[in-house]
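Enquirer: So you can see what is in the structure, the chains are spelled out below.
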Amino acid sequence: MELVERFLLGGLIISAFAVVGDILRPRGFAGLFGAAPSVALATLALTVLTEGRQYAALEARSMIAGAIAFLAYALVCVYFMAKGHFPSGPTAVAMLFVWGIFAFGLWSTLLR
Amino acid sequence: MRIRINLASLKQTQWHDYLTRFLLGGAITVATGLIAKHFGPVIGGLFLAFPAIFPAGATLIDKHERDKKRRAGIPRTIRGRLAAALDARGAAMGSIALAAFGLFVWKLLPLHNAAVILAAALAGWLALATLIWRVRKLHVYSSVSR
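For the record, the sequence lines run as chains A and B.
Numbered per our numbering, the first sequence spans residues 573 to 684.
Numbered per our numbering, the second sequence spans residues 41 to 186.
One or more hints might be untrue.
[Stated by the list, open to error] Here are the computed lysine-lysine pairs in the DSSO-like style, where the Cα-Cα straight-line distance is at most 30 Å:
1) A:Lys-655 <-> B:Lys-109
2) B:Lys-108 <-> A:Lys-655
3) B:Lys-108 <-> B:Lys-177
4) B:Lys-177 <-> B:Lys-77
5) B:Lys-108 <-> B:Lys-51
6) B:Lys-103 <-> B:Lys-51
7) B:Lys-177 <-> A:Lys-655
8) B:Lys-51 <-> B:Lys-147
9) B:Lys-103 <-> A:Lys-655
Please keep in mind that the hints were generated in silico from the structure rather than gathered at the bench.
Please read all numbers here as calculations on a predicted model, not as lab measurements.
In isolation and in its complexed conformation, chain A is listed as follows (with noise of 0.2 Å):
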């Protein structure tokens, strides 16, 4: 049943934000919205109701780092979508290696 309401308020949570992107313009203001704290607050708010406050902050914690590289993994994506002449879905998703590599770096080097 948990995982039932994870799946629904993830995906409302996170199509409303891409629907709010979508309409914004210009395109690089509605590009702010691929980064919105979309499944931190699905997730965030469900932790809470179920592990407590404390344990939902240590995933926040956590979180930071996920943030910095979701960073490298976009400048990487704008590297090869523009200047590299890829195309944007392949590299998207491709590229998704950088954001595990930062991710899990940063996880063993300072969280760990």
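Chain A is fixed; fit chain B onto it per the hints.
Expert: Leaving out everything else, chain B in the frame of chain A:
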């Protein structure tokens, strides 16, 4: 540059695009919960900032721009790719504010009401992301006019 709302862009998005984003969003939220349960909150927390739907959004933007050009009689264009790159640049600025969101929640959540802290963190994310975007715009304009 003024921020505006363009509702017409909603018509360009197909129902299956909305469904894809809903399913992806639901799946990543469930996956984040499961990862936290198996590996603990320190690893699980990393995934709160996972670029879950960014690839779907970039693909959609690219497709919309290419469709627009195709309708105008231009079959081959790089505009879609450049629009997706602009979106990624925005996401890069948003991710700096995302780190601040995490910092705010980490420090204040144990001390105050969770709903208030999450609402304040969201407002703070929007304010900081907008500020970063505005400062960058000013910097670009002042560089051009120099």
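Enquirer: Please go over all the hints and tell whether each is borne out by the structure.
Expert: How the hints compare with the structure:
For the hint pairing Lys-655 (chain A) with Lys-109 (chain B), the CA-to-CA distance comes to about 21 Å; that is within 30 Å, so the pair holds. Simply put, Lys-108 (chain B) and Lys-655 (chain A) have alpha-carbon atoms about 22 Å apart, close enough for the 30 Å limit, and the pair holds. The straight-line distance between the Cα atoms of Lys-108 (chain B) and Lys-177 (chain B) is roughly 26 Å, inside the 30 Å bound, and the hint therefore holds. Proximity of Lys-177 (chain B) to Lys-77 (chain B) is assessed by CA-CA distance (about 42 Å); at most 30 Å being required, the pair is judged violated.
For the proposed pair Lys-108 (chain B) and Lys-51 (chain B), the alpha carbon gap of about 13 Å is at most 30 Å, so the pair holds. Of the supplied pair hints, the one linking Lys-103 (chain B) and Lys-51 (chain B) holds, its CA atoms being roughly 14 Å apart against a limit of 30 Å. A distance of roughly 20 Å separates the Cα atoms of Lys-177 (chain B) and Lys-655 (chain A); the hinted pair therefore holds under the 30 Å criterion. For the suggested pair Lys-51 (chain B) and Lys-147 (chain B), the alpha carbons sit about 42 Å apart, so the restraint of at most 30 Å is broken.
The straight-line distance between the Cα atoms of Lys-103 (chain B) and Lys-655 (chain A) is roughly 19 Å, inside the 30 Å bound, and the hint therefore holds.
Checked against the numbered hints above, the structure violates hints 4 and 8; every other hint is satisfied.
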